[in-house]
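S.K.: Each chain is listed here by its residues.
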Amino acid sequence: MPDTPLPADGWIGRPLPRAATRRLVEGRGRYVDDHAARGELHAAFLRSPFPHAAFRITGRDAACALPGVRAVLTAEDLAPACRSWRTESRAFPGLVSPEQGPLARERAVYQGEPVALVLAASRAIAEDALELIDVEWDELPAVTDPAAALDPASPPTHLDLASNLAWRTEFGEGDVDAAFAAAALVVEDRITFTRHTGVTLESRGVLATYDPAAEAIEVRLSHQMPHQMQLHLAELLGLSMGRIRVIAGDVGGGFGIKMHVYPDEVAVCAASRLTGRPVRYVCDRIEALMADIHAREHVMQARMAVDAEGRILAFDVDDIQGLGAYSIYPRSSTVEAMSALRALGAPYHFGAYRARLRCALQNKVPTGQYRAVGHPVGIATAECLVDLAAAARGEDPLEFRRRNLVPEAIMPWTNPAGGRMAELSHTACLAEFERLLDLPSLRAEIAAIRAEGRCVGLGFASVVEYTASGPAAYGPAGVPVAAMDTVVLNLEPSGDVVARASVAEIGQGIQQGIVQVVADAVGVAPSRVTLHTGDTGNAPHGGGAWASRGAGIGGEAAWGAGRKLRAEILAAAAALLQSAPEALDLREGQVTDANGTPRMALADLAATVFFRGHDLPTGLQPQFTATHQYRREEDTFLTTNGLQASLVEVDTDTGLVTPLRHWLVGDCGRRLNPLLVDEQARGGVVQGIGEALLEACRYDPGNGQFLTGTLADYLLPMADNAPDITLGHVETPYSGSVLGAKGAGEAGTCGAPAAILNAVNDALASRGARVSEMPITPAVILRALGTLEAAS
Amino acid sequence: MKPARFDYARPETLEGALAVLAEQGPEASVLAGGQSLMPMLNLRMARPGMLVDINRIPGLDAITLAGGVLSIGARARHAEVLASPLVQQAAPMLAQALQHVAHPAIRNRGTLGGSLALADPAAEMPACAACLGATIVLASAGGGRRVAAKDFFLGVYATAIEPGELILRVEIPAIATGWTHLFQEVSRRHGDYAMAGLALALRRKGAGIAEARIALCGVESATRRQAEAEAALVAGGIEAACQVLGGLDAMGGEEVTAAHRIHLARVLLRRAMGTRN
Amino acid sequence: MELTDEPTADIACTLNGEAVRARVPLRQNLVDWLRYGAGLTGSHVGCEHGVCGACHVQVDGAVVRGCLMLAVQADGTVVETIEGATGSGRIRALQDAFFNRAALQCGFCTPGMLLQAAELLERTPDPSRAEIREALSGNYCRCTGYHAIVDAVQTAAASLRA
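Residue numbers (this note's numbering), protein chains in the order written: chain A, 1451 to 2242; chain B, 46 to 322; chain C, 13 to 174.
Hints listed in this document are in silico derivations from the structure and should not be mistaken for laboratory results.
Just to be clear, a hint being listed does not mean it is correct.
Partial selection, computed: residues in chain B whose CB lies under 10 Å from chain C [to be verified]:
| id | residue |
| --- | --- |
| 1 | M46 |
| 2 | K47 |
| 3 | R50 |
| 4 | F51 |
| 5 | D106 |
| 6 | Q144 |
| 7 | A147 |
| 8 | R248 |
Label pairs and their calculated CB-CB ranges [to be verified]:
| id | chain 1 | residue 1 | chain 2 | residue 2 | range |
| --- | --- | --- | --- | --- | --- |
| 9 | A | E1581 | B | A111 | 36 to 42 Å |
| 10 | B | E300 | A | R1473 | 38 to 44 Å |
| 11 | A | A2241 | C | R104 | 48 to 54 Å |
| 12 | C | R135 | B | A219 | 25 to 31 Å |
Heads up, the beta-carbon is just placed ideally off N, CA and C, and yes, glycines get one too.
Go ahead and model the full structure; you've got the sequences and the hints to work with.
M.R.: Right, here's the structure in full:
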């Protein structure tokens, strides 16, 4: 592709609302459960009430006899229609992850694991039937605490596995021991991150319709990667990909929760295959809290070595990850831990790094990718150590950071954790950050508030995020994940452009970004571009939505396809106008000469080509369908950088922490649509606030029962738990692509927990207290202050 | 989750409702606001044989003030009670407390009677009723009776209501001269059930306290007037009262321990009295 | 819908301005009936225990959680969903403000959020940001972080007062 610059006053970069949201504000969204299907059956799952149990289904007759019940299915019933699977990855050699099937056989290894499936005339009747299935449960010891799980004396998560170690690794460059020996200052902390989950407001759902005559299945699914699911359903159901159509229409939130292969969704597809009927399943909130992937259960023991001038020498980290009963399919739950360890300290220059990781199997639902994947854990750990070092040195924590941020002059630079730092803008971001916060005024304001006796704190977080993963992320691992995207453009006889793209819209607004790219690349108004995504029946294969890749990868495919279509249009116009393509331009659907004088409407050109071919010169065969597939050839990740600050108030009597204000400055390369990028940042920050202060999946320490099973127990940030969030921007387009866009959607979540943790500790410093766990509940604060006794 | 099956009756008169309740006994659950019952039905934690929907019965939601008595119909919606000038005038504590109850859409349906009948130990209305010395007026097919708040709340989800009985209204002595009302609570988020809540009515005399009425929510399993703490507050001041609170048999829990609840009760009392913690 | 022995009742109500008669399972909640029985899928189900607000509808002029009412209780009432509120134009200012401000992303919380915001503005025409946050504190949004929603409600409030 010729390297053509973006139009100066183009659509790319304009803060336009996402056109498709007009439907949504009118209640015209079409989420999975909004689609009707004639003759459908409703599915309900019998799920293990125990974290670990052997089971035997001894009677189904009563359940089957209930009026309206069509079938009661177990693993044996589904086996002819569906294979089992096992998570494997060359990136994690020796990974221990037992075989999984759509329904458990003989033993359940996490509470909520699906054990049987009822198909009935309504969900209510299906649930009635669940109660009539006779099951003998033989409860087994449950393994919950990840550190305890690694003790050889611990009961096993799986009875046929001797150990609960799923995987271990050690990596890093440089002489860490020498660095610590030579250090003028060593700071250390042990930070506990509590398991939590994504809570998409639209829970997972599937409507599977198998046509026995065509031997084909249509699967409406609330999912972030319809093409990935098409691939895996083909494998598991034993059908060719061409016989599988996966449709992800409107998706009510993804956040990584809807990235994975879930046994219940596969079971529903298999059930439709077996019965030849449409089968509908909506995972209700109780099931979702229990059986969606969880994330972020880590115990980080970390040290940082600093020299006499306050420069970071090394990080030494020990990470115990609570992985769950299985490694999530197909990517592996271990990806989160590696992401955390690679993100730790990434903003900074240092010479040595050692990370030791042990991933523990537990009788809990598997963990998986959840927005910001691991970054919040690694970043909070490093940022905590940075604040400890600054305090030990008696200096401003921002100054400590400034001194240690990777200087532009040495980039590209690969740090000792193996992270490649290139084209980062730490200096510019820091300058914008300081301008945005107006620190002298802010500090004066804080001093005044403190003089009133209120306990407030300001905390910072410096963030480097690895976005828009390229082929090297999963390719060498042998995991079939598409790190490329495809866009197909058709010019319609009316002069409209219909686009089909492999990106996935999950609310982040990529549809709008792609429309703006296509509009500029071709030369038409965005209102004349219609974009289809999410349906494997018409959208070409590609990666979907993960790792904030839509703009950086999908955008390039859209630009390439648009330029190809534009070239065909101009070639055809030139032939008809007896001009040369270089002398013509295409703007807002008008072919013009170089001065902008209109020569021919695109609609007229299109109509001529489609309907008046006899008027075309001999040999002119315009190709008004253009395709471009894009993969990034360099740079496994596109690194982005930013800074966040949180101002919190700690009520030292009640232990309640209130975020008062939040600031974020980020550089995600070129922003295709600044309005939508901004709101992604804000949404991400509040998810991080939830992580820092509210959200926790809790388990009974005795029997391992899941305790936070409703939204009354699992606390989410609501409108009055979130502050206003002030944003600042630096834009350093990535030099390795035409658009220069990098990933933007997860940065808020990457850094917000760290900023909150540091803010709380800044507040508590005046009381001689600190906290080292998340979520920072009132009990955590009160224990740190000595008001309540330490937990046993 | 979807509820298990139930029969459903929607009597148009009080007599009709009482007759159904008498006939069904413990198999019947009263459906008023439904804001607590419906979640339990949906989760299949409650499985009544019959729901008796009392939302059509006239006269159950009146709010009146006469003869020094504020009368609130059992089916008065939280939103109505919160907005009522009579409540603001005669029992401002209720209006203060209702601002902590859930969220607007729930307050549009939830009822005072429903909250009292549920007797969740962390709920605000029972604590207010106990503090204010409310009388709960019950009716059944066999007649009516009046139960003082102090005898009404027996434990977690346990009240003095007998099978077949329906709360008709709650009668509250109107606030008298010299008295102030205060309700305050500590919760994780606005609208959540309280980790601890304080319903306090005071009559000051000069610099001291002449009379005090204290009830807590979120602390003990059954809300009641804290007579010992009241006496200590009057006789010995705040610290004496806080001392007494330390002896309460508070509810335990992993997330919020008994010690935590007692601590919060003390914080609330000190803040209510205007002293620092 | 296949005939089973599911106990039902007949209801008559005004739904989005139209007189409607329906046979509803006794145990079916209002939002499920609206979605499956009446084909009005704009109200959403997020939790079925009254916490998230995705199911908000208006019954006899008040916003309620559609998962906490039974369909049979709609008998004799006036029900308005997001579809009706759209058709009547009464929430147009809010819808425009949400759209322009990007106060929605996945859109799943949006109908419930709009109806609650509309009720707030009826009662409080010039709400502060804190009042808006408190009024919407029973509507869960995972995508936006609420800031843009507060902005949009303020914009709509101002345009309605103009």
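S.K.: All hints, please: hold or fail.
M.R.: Hints versus structure:
no.: 1; hint: M46; in the structure: holds (6 Å)
no.: 2; hint: K47; in the structure: holds (7 Å)
no.: 3; hint: R50; in the structure: holds (6 Å)
no.: 4; hint: F51; in the structure: holds (6 Å)
no.: 5; hint: D106; in the structure: violated (13 Å)
no.: 6; hint: Q144; in the structure: holds (9 Å)
no.: 7; hint: A147; in the structure: holds (7 Å)
no.: 8; hint: R248; in the structure: violated (32 Å)
no.: 9; hint: A:E1581 x B:A111: 36 to 42 Å; in the structure: violated (51 Å)
no.: 10; hint: B:E300 x A:R1473: 38 to 44 Å; in the structure: holds (41 Å)
no.: 11; hint: A:A2241 x C:R104: 48 to 54 Å; in the structure: holds (53 Å)
no.: 12; hint: C:R135 x B:A219: 25 to 31 Å; in the structure: holds (27 Å)
Of the numbered hints stated above, those contradicted by the structure are hints 5, 8, 9, listed in ascending order.
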